[in-house]
Amino acid sequence: MKLRIDGGLCTGHGRCYSIAPDVYEPDDEGFSDNRDVEREVRQGQEESARLGASSCPEAAIVLSED
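The sequence shown runs 831 to 896 under our numbering.
Certain hints may be false.
[As the list claims (entries may be wrong)] Now the in silico label distances, taken between C-beta atoms and shown as ranges:
(1) 860 to 896: 17 to 25 Å
(2) 859 to 895: 29 to 37 Å
(3) 859 to 896: 25 to 33 Å
[To be verified] Below, simulated SDA-like cross-link-like pairs (lysine to any residue); rule was C-alpha separation at most 25 Å, straight line:
(4) 832 to 868
(5) 832 to 896
(6) 832 to 878
(7) 832 to 851
(8) 832 to 860
(9) 832 to 848
(10) 832 to 884
(11) 832 to 865
(12) 832 to 875
(13) 832 to 894
(14) 832 to 874
(15) 832 to 843
(16) 832 to 892
(17) 832 to 855
(18) 832 to 861
(19) 832 to 870
(20) 832 to 856
(21) 832 to 871
(22) 832 to 850
Keep in mind that the hints were calculated from the coordinates and are not lab data.
We treat Cβ as the ideally placed atom computed from N, Cα and C, and that holds for glycine.
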């Protein structure tokens, strides 16, 4: 599974990293540290990634299956 956060949509609500801190981490400004970077979700963290993505009120998190 791949993860990408659209930096233009992310407004820093922080729900993703409060729900799934093992997948999403905040930067110094409160935004997800993974913005505008596509990366692999580690094996075993797929469900956490889905929960974090579904919690985003801006729908800024895109998950894609390999």
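Results for each hint:
no. : hint                   : verdict
1   : 860 to 896: 17 to 25 Å : violated (30 Å)
2   : 859 to 895: 29 to 37 Å : holds (30 Å)
3   : 859 to 896: 25 to 33 Å : holds (31 Å)
4   : 832 to 868             : holds (7 Å)
5   : 832 to 896             : holds (7 Å)
6   : 832 to 878             : holds (13 Å)
7   : 832 to 851             : holds (17 Å)
8   : 832 to 860             : holds (22 Å)
9   : 832 to 848             : holds (20 Å)
10  : 832 to 884             : holds (15 Å)
11  : 832 to 865             : holds (13 Å)
12  : 832 to 875             : holds (11 Å)
13  : 832 to 894             : holds (5 Å)
14  : 832 to 874             : holds (13 Å)
15  : 832 to 843             : holds (22 Å)
16  : 832 to 892             : holds (8 Å)
17  : 832 to 855             : holds (16 Å)
18  : 832 to 861             : holds (19 Å)
19  : 832 to 870             : holds (5 Å)
20  : 832 to 856             : holds (19 Å)
21  : 832 to 871             : holds (6 Å)
22  : 832 to 850             : holds (15 Å)
Violated hints amount to a single one, hint 1; each of the other numbered hints is respected by the structure.
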